Every structure is written in C-alpha cells, then in structure tokens.
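Student: Single-letter residue listing:
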Amino acid sequence: MTGTVLGTPNPVAIAFFFAFISLTLGITFWAARRTRTAEHFYAAGRSVTGLQNGLALAGDYMSAASFLGIAGLVSTSGFDGLIYSIGFLVGWPIVMFLIAEPLRNLGKYTFADVVAYRLAGTPVRMAAALGTLAVVAFYLIAQMVGAGNLVRLLFGLRYETAVSIVGVVMLAYVLFGGMIATTWVQIVKAVLLLGGASLLSLLVLLRFQLNPLALFDAAATRYGPQVLAPGQLVSKPLDAISLGLALMLGTAGLPHILMRFYTVPDARTARISVSYATGFIGFFYLLTFVLGFGAMVLVGREAIQAVDKGGNMAAPLLAEVVGGTGFLGFISAVAFATILAVVAGLTLSGAAALSHDLWVNVVRHGHADEREQLRVARAATIVLGLLSIALGIAFKGQNVAYMVGLAFAIAASANFPALLLSAFWRPFTTRGAQASMLVGTLSALILIYMSPTIQVQILGNAKALFPLANPGIVSIPLAFLVGVAVSLAAPESRADEAFPALQRRLHLGAE
Amino acid sequence: MIHKPETLAGLAAAQWRLALRLTVAMMAVYFGFILLVAYDKPLLGRLLLPGLSLGTLLGALVIASAWVLILVYVRWANTRYDATVASLRARQ
Numbered sequence: 001m002t003g004t005v006l007g008t009p010n011p012v013a014i015a016f017f018f019a020f021i022s023l024t025l026g027i028t029f030w031a032a033r034r035t036r037t038a039e040h041f042y043a044a045g046r047s048v049t050g051l052q053n054g055l056a057l058a059g060d061y062m063s064a065a066s067f068l069g070i071a072g073l074v075s076t077s078g079f080d081g082l083i084y085s086i087g088f089l090v091g092w093p094i095v096m097f098l099i100a101e102p103l104r105n106l107g108k109y110t111f112a113d114v115v116a117y118r119l120a121g122t123p124v125r126m127a128a129a130l131g132t133l134a135v136v137a138f139y140l141i142a143q144m145v146g147a148g149n150l151v152r153l154l155f156g157l158r159y160e161t162a163v164s165i166v167g168v169v170m171l172a173y174v175l176f177g178g179m180i181a182t183t184w185v186q187i188v189k190a191v192l193l194l195g196g197a198s199l200l201s202l203l204v205l206l207r208f209q210l211n212p213l214a215l216f217d218a219a220a221t222r223y224g225p226q227v228l229a230p231g232q233l234v235s236k237p238l239d240a241i242s243l244g245l246a247l248m249l250g251t252a253g254l255p256h257i258l259m260r261f262y263t264v265p266d267a268r269t270a271r272i273s274v275s276y277a278t279g280f281i282g283f284f285y286l287l288t289f290v291l292g293f294g295a296m297v298l299v300g301r302e303a304i305q306a307v308d309k310g311g312n313m314a315a316p317l318l319a320e321v322v323g324g325t326g327f328l329g330f331i332s333a334v335a336f337a338t339i340l341a342v343v344a345g346l347t348l349s350g351a352a353a354l355s356h357d358l359w360v361n362v363v364r365h366g367h368a369d370e371r372e373q374l375r376v377a378r379a380a381t382i383v384l385g386l387l388s389i390a391l392g393i394a395f396k397g398q399n400v401a402y403m404v405g406l407a408f409a410i411a412a413s414a415n416f417p418a419l420l421l422s423a424f425w426r427p428f429t430t431r432g433a434q435a436s437m438l439v440g441t442l443s444a445l446i447l448i449y450m451s452p453t454i455q456v457q458i459l460g461n462a463k464a465l466f467p468l469a470n471p472g473i474v475s476i477p478l479a480f481l482v483g484v485a486v487s488l489a490a491p492e493s494r495a496d497e498a499f500p501a502l503q504r505r506l507h508l509g510a511e
Numbered sequence: 512m513i514h515k516p517e518t519l520a521g522l523a524a525a526q527w528r529l530a531l532r533l534t535v536a537m538m539a540v541y542f543g544f545i546l547l548v549a550y551d552k553p554l555l556g557r558l559l560l561p562g563l564s565l566g567t568l569l570g571a572l573v574i575a576s577a578w579v580l581i582l583v584y585v586r587w588a589n590t591r592y593d594a595t596v597a598s599l600r601a602r603q
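In order, the protein sequences belong to chains V and W.
So the first sequence is numbered by our numbering: it starts at 1 and just counts up by one.
So the second sequence is numbered by our numbering: it starts at 512 and just counts up by one.
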C-alpha cells in the first residue's frame, strides 16, 4: 500500500483528539465540584449504576494493548493472536464468581480493606500496598510506553512529548475529578472504542458480503491455510499455561479493576456490572478477529510491518483503507483516548494504596479527617503521575504486551490468593496473609528477573535460571501454599472468631 | 433451596459450591483449549467450512462459554440468592 498519512499530523485526528480532551476536561470540571469527600474521590460517592460501571470496567480493561496490539498480532500471525483475545476474557467469570460481591460488601476503597477486615490491619495493608504498587508500576510502564510509541506514530510527535502529554492530561482528570471524572472518562472511552471498532468491522465486512468466513477464507487464500491454525506463539505448552493462568487469575487481582466495585451502591449492582462488562469485552474481542484478519487481507502484512515491526498500527491502517483519512483520524483519537483513560484508572488505584492503605491506616491508624484524606490522596496522585511520566521515558523501547503479561502475573500472585483466602477460608491468619502477599509479589518479581526474556534477550546471558517467560504457574500456587501453611502453623483466634461476622457481612451487606 | 432452612451458613455454602463449580468449568474450558493449541495444532487447523477452522470456532466458543457461565450464575444469584438474602436480612 502506498501513501498512508500515518505519522504526519492529521487534522481530523487532532480535531477529534481535542474534542475528546475538551469533553473529558469538561466532565472533570463538573466532577471536581462534586468531589468533596474521600468517598467521592475514591468511590464516586457509590452512586454509579450497573450499566455505567459495566462500561467503566470495560473501559478500564480494554487497553490500547488489546485494541492495537491484538489486532496487530492477528494481522501478522493470524490465529495465534486470537489466543490473547481469549485469555483476556476468561478472567471475568472468575471475577464474577469469587471476587465482585465479597469485595463490594467487605471493603471501602481498596482490596486491602477486604483482607484487613478480620485480620490485623497494619501488616496486611503494608504487604497489600507493596503488591498493588508493583502491579500498578508494571502496568503503567506498559501503557506509557505504548502511549509514547502510538502518539509518535499517529501524530508525528516526539516520544517524550507524547508521554508527557498523556501524563499531564491524566493528572488533571484524577487530581481534580477523582473517581467521578475517571469513571466518566472510562465510559466515554468505552463507548467510543466499542463504536469505533464496530464501525470499522462493519466497513470491513461490507466488502465480504457481511460474512466473516469469506474474510477468513480470503486471508487463507492469500497467506496460506496456516493463518487459521495455531503457529509458533505457543511452542512451549508450559509457557502457554503459565501465561494463561496469569491472565485468568490476574484480572481478579488488578487493583484498578477491583476498585471499580466500590463505586456501585450494593453487591447486586456489582454483579450486574460484571455481566455488562463481560458482554462488552467479549464482543470487543470477537471484533478483533475481524479487525486482525481484515487488516491482513485489505492492508497486507508487508504494509503493516513496514510501518511498525510489531504490527501495532494494523487497526489505524485498516481504518484508512476502508474509511479514508477522516476515519483514520477518528480511530487514532480513540486509541489515544483509550490510553489516557486506562492510565487515569491505574493512577487512581495506586494513589488509593499509598494514601488510604499506607498513610491513613498505617501511619495515622485510621485517624485522619476528610480534608486530610483528600489532601493526601491528591498528593499521592501527583507523585504517581510524575513517576509514570519518568517510568514511561526510562523504559522506552520495552515490549508492551510482555509487560502487561507480567503485571497480570504479579496481580494473580500478590493479590488474588490473599483476597480469596481472607473472604472464604476461615483459618486464614494475619501472618498467612502477609506471607502470601509478600511471597507472591517477590517470587513473581524474582522469577521475572530470572526469566529468559530478561536474562537472555535483555542482559545477553547464554542461559536463564528459570525457563519460562511468565512466572504465573510457579508464583500463584506458591502464594496459595505459603498462605495456607503459615496460617495452619500458627492459628489466630481473633481472626477465627471474627469469621462469622465477615460471612454475615459478605452475604447480607452492611447493617 | 425451597425445602432447606434458610440459614446464613446454608446460603454461604450454596454460593461457594456454585461459584467453585463454575470456576472449575471455566478453567477446564480455557485450559482444554490451550492444551489443544499446544499439543494438536493440525486438528485445530482443520477446516470445517471454507474460512472456518476448528480452532477459530473453538476460540469463539470459549468466549461464548464465558457468557453462558456468567448467565447461569447471574440467573441463580438474581433469583434464589437475592431472595434468601432478603429474607435473612428481614429476620435480623
């Protein structure tokens, strides 16, 4: 394909981008006047409806990595890209069955509230904050690096400029509008992304008599039938299972997703919001089948890889082919909006761990008035915002999809086991929770460091100490085992006696 | 549920049983798919119709099965679970 305008300033993209920024900053201004207490700042006053929260969850979850990365992966390697689409969806039923309702009924602002419900607060919150911040850091790096590359390719801006713009705009949302603004930014973004991806898929399918099979057949005719079969991506089964386990259980441990369940009024609404979210996200990942193969056939693999080796520009290039420069501009602006929204959600959850868990509950032992809570939350937001810009610039050139996989692995090892055991397993103790979260976080981090990706590809060593790219299959069971073993070794009567009260509140809600 | 006495312990046990079964079902479906991808690539590459490989169909079915399992849970929770919660709360 000749003559893409990608990478040169596109007036339509810039117009849509400014329209999005104006709209969302307008929402932030409106939200800022409603953000007077910590409950507003962290939990949007618990007034979000099921549909709204479903869209916001989908908005938080459908990152640019899935829109651009998975469409790109499908367009360059066919079926293998679909394995990612599927892996990212199957965590949602787990969130529904085991996490959403207990979280809503037991906690206040962070997942550590649930773990600390019948255990000693200080040690549990310190360990939980460590896990949360590790997840947020990896996920933020992935999003910021993705943002820098994307904006550079889409608008022709410098990488560092792009990262700084994302950081500053995101800071404005979170700092002034808190969770109310962040939720609405997610909703606007989710609607734009679902609408844009649907329209793009429709325009593609119109060229194939609205029959996806005709599209897949065209891909097989042009690039061979192997594009519809598993290829090289899953060459080591253990690697695939480890990544799959991390994706599945990591969703239920992502702090920015868990925090969303506090924005709804009750457990029933939390449940309904997960059904909406799973519907939207599943639909979106089904669309990536069409987008990926559409780009493969209509743009061509060579043209996609000529613009970006990783294939990340497949969806924007496809938009240009089927809808012209104007549609390319729209899709580019949607992709940028997507990154902004996800980064805002991540920063808010990291700020909650720093201020609500560490400052208010550990340092001040719960004795902080509303004004102090809000002030500390905003200070933490600024720290994280600046940190995310610095990390984005420092980690320039890292593989985004790999970093996301690692964030999921840490979330699945550090947060998920302790969360589940604290709500459902009576003998669980403070020491058990602390040990599980610390071992989960540290084992995931250490195994990542010992993995072939760091040792062989980055440090240039001949061999890695740990054979797998993703630590999930070791670190997740280890976190469970340590939590159980430590709890059984030294029972805690206070935690045991408080279990019936927890169970009552878990199912019946607050009195 | 109708004949059982409505106690909190009974409710908690019923919720846990269903949640665990559905979780195991989702894991079985997903890891079954991953194992097929890992160990029987030619099978998944087999074409059922022009353009439709078994792998693509099964992949779409994994997504559909997530929806179905969620539907099963939500239907149970919105009716039986919520009704029991309401009557237990009323008795408080």
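Note that these hints are calculated values from the structure, not bench results.
These figures come from a predicted structure and were not determined experimentally.
Every residue, glycine too, gets a C-beta built ideally from N, C-alpha and C.
Incorrect hints may appear among the rest.
Using 30 Å as the maximum straight-line C-alpha spacing, the simulated BS3-like pairs for lysine-lysine come out as follows [unchecked claim]:
(1) V:Lys-309 / V:Lys-463
(2) V:Lys-396 / W:Lys-552
(3) V:Lys-108 / W:Lys-552
Covered stretches of chain V, going by a simulated chain W footprint (3 or more residues, C-beta under 8 Å) [unchecked claim]:
(4) 44 to 54
(5) 82 to 90
(6) 405 to 414
Derived Cβ-Cβ restraints for the label pairs, each shown as a range [as the list claims (entries may be wrong)]:
(7) V:Ala-120 / W:Gly-521: 28 to 36 Å
(8) W:Ala-601 / V:Phe-18: 52 to 60 Å
(9) V:Arg-426 / W:Leu-547: 12 to 20 Å
Student: If a hint holds in the structure, say so; if it does not, say that too.
Tutor: Against the structure, the hints come out as follows:
Between Lys-309 of chain V and Lys-463 of chain V the CA atoms are separated by roughly 26 Å; this keeps the pair inside 30 Å, and the hint holds. The suggested pairing of Lys-396 of chain V with Lys-552 of chain W is violated, with an alpha-carbon distance near 36 Å, which exceeds 30 Å. Our distance criterion of 30 Å between C-alpha atoms is broken by Lys-108 of chain V and Lys-552 of chain W, whose separation comes to about 47 Å. Counting residues of the region 44 to 54 of chain V whose CB falls under 8 Å from any CB of chain W gives 0; the rule of at least 3 is not met.
Figure legend: the region 82 to 90 of chain V, annotated as covered by chain W; annotation consistent (7 residues with Cβ-Cβ distances under 8 Å, at least 3 required). Under a criterion of three residues with beta carbons nearer than 8 Å to beta carbons of chain W, the stated coverage of the region 405 to 414 of chain V fails, only 0 such residues being counted. Checked against the given bound of 28 to 36 Å, the beta carbons of Ala-120 of chain V and Gly-521 of chain W, roughly 30 Å apart, stay inside it. Restraint check, Ala-601 of chain W to Phe-18 of chain V: a C-beta distance of roughly 54 Å satisfies the suggested window 52 to 60 Å.
Between Arg-426 of chain V and Leu-547 of chain W, the C-beta spacing of about 38 Å breaks the proposed range 12 to 20 Å.
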